[in-house]
Amino acid sequence: MLNEERIILMTKMASYEEGEGKASMSIGKYFRGDYIAVRLLRAFLSGTIAFVLGFGLYILYDFEEFMADIYKMDLLVFAQNVLIWYAVFVVVYCVAIYVISAYRYGKAKKSLKCYYHNLKKLESMYRQ
Amino acid sequence: MRNLLEIREKVKLLYSRSEFILVPVLKFMLAFLTICMVNGELGYMSKLDNLGLVLIVSLLCSFLPNGCIVLFAAVFSLMHLYELSLEVAIAGLAIYLIMFLLFFRLNSRDSVILIFTVVLLGMKIPYVIPIAVGLLAAPLAAIPVGCGIVVYYMLTNISANATTISSMGADEATAKLRLVIDGILGNRAMLVLIVAFAITITVVYLLRRMSIDYSWSIAMIAGVIIDLVVLLVGDLMYDTKLSLGMAILGSIVALIVGKVLEFFRFCVDYSRTEKVQYEDDEYYYYVKAVPKMSVSAASKTVKHINTQRRPVREIEEDEDMTIAPQRVNRSVVTERTGSGRRSGQSRPYQSRGGSRSVTISSEADDPTDDYEEI
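Residue numbers (our numbering), protein chains in the order written: chain A, 1 to 128; chain B, 129 to 502.
Hint data in this document are derived by calculation from the structure and do not stem from the laboratory. Where a beta carbon is used, it is the ideal one built from N, C-alpha and C, also for glycine. Possibly wrong hints are sitting among the right ones.
Stated by the list, open to error - For the chain B half of the interface with chain A, some residues (derived, Cβ under 8 Å), not all of them:
id	residue
1	L225
2	I226
3	K403
Claimed, not checked - Where chain B lies over chain A, by a calculated footprint (3+ residues, C-beta under 8 Å):
id	segment
4	24-35
5	61-74
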């Protein structure tokens, strides 16, 4: 005989697995530290590429003036300034990514906890 | 109200039944509209301004993930920019890549929001965006909204300066780049719009999540007011040439759209709110339960009540069989209607529909019929 409560629970869980659960399960495979580390590594790489692109646009924006001044300026100080800007940019971006990743991980774990609780409930229903 | 609720149930039913065809059709329409807008705004490469090509690409987008609409729209716009000037295309590509690497990568699932932002800005009704996004998404959705605003202003700025750019020679490559970058960084109206929308999205999200009665309506109204205030302050500070009449009109449209969204996503009856308090070993619980408003959609089921029959020959063979004096063939239509009660008054998974039976026909069989009743 059909168990209405069981069917409702299974439908809810199937819907979760198809929708929100997909992302949560892929996050749930990692430990918190690993997940955040992978995100930070990606953020570092993409932040570096974005900084290079932005720096390229900055140079091209005033290319003639830059080329005229290149022999006058202290290249070491210029490189030092660029590196400081790069470090500030990447650190700020990575901090933002850290906060977002930690929040997402916590949220995913919470929803997975609820999902596993439902799994246990379903299992107990079958035992009855 | 009950009629509206019934219509809502019918719409939901229709969507759930034909989701597999409706979603691709909607994606097709969105992709078609977006690419047509890009072609209309830029349109420098005549080969791309081809209805057949746009239809094929839109058809592809209807089956591919949502992000592909963004990708194809970006490719189309970059090709138009390349036709205008190589330097402008390089600047456009760099800006797209920076946006993708820094922001869009974080929230790629919200690509539809970016597309809608560009489309609604093109249709001059941008004030709907922060209200709708605040009601339906999370504050992080401000990122695709911001990206959409940047893309729109970049493309309109290039389009407005197209004659200047095309008249520039090859030796003025940096001047062309400067024109594009200044069009973004120096555009105060764009920056004010991004700030106003980000604040509005956050405020609407926070208010609609609060445990207060009519939270969605309060969030909408507060969002519209904050949006207008920030835009007006921005206008006073940076002279963004804000059209106050259009802003108020757009805000009214945003409120109407917000109410429609509320009706479909958060239709609850605050008059029947229940507050309960209980405890277990570890916690005290203060629970506020607000019942949803819903009625079951009217549905008709046709029951054919036919008595079992056998061919005449079989009956004749069976001499012990008594033939019924009158043959009856009835069709009964059972109409199920909503009970008029709301879901909070009954168990959630119980059938809520009342029913009545109507006899449509009761007819004697044709004597020439080849079948006899047993």
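So which of the earlier hints does this model not fit?
Numbers 3 and 4 - these are the hints that the structure violates, sorted from lowest upward.
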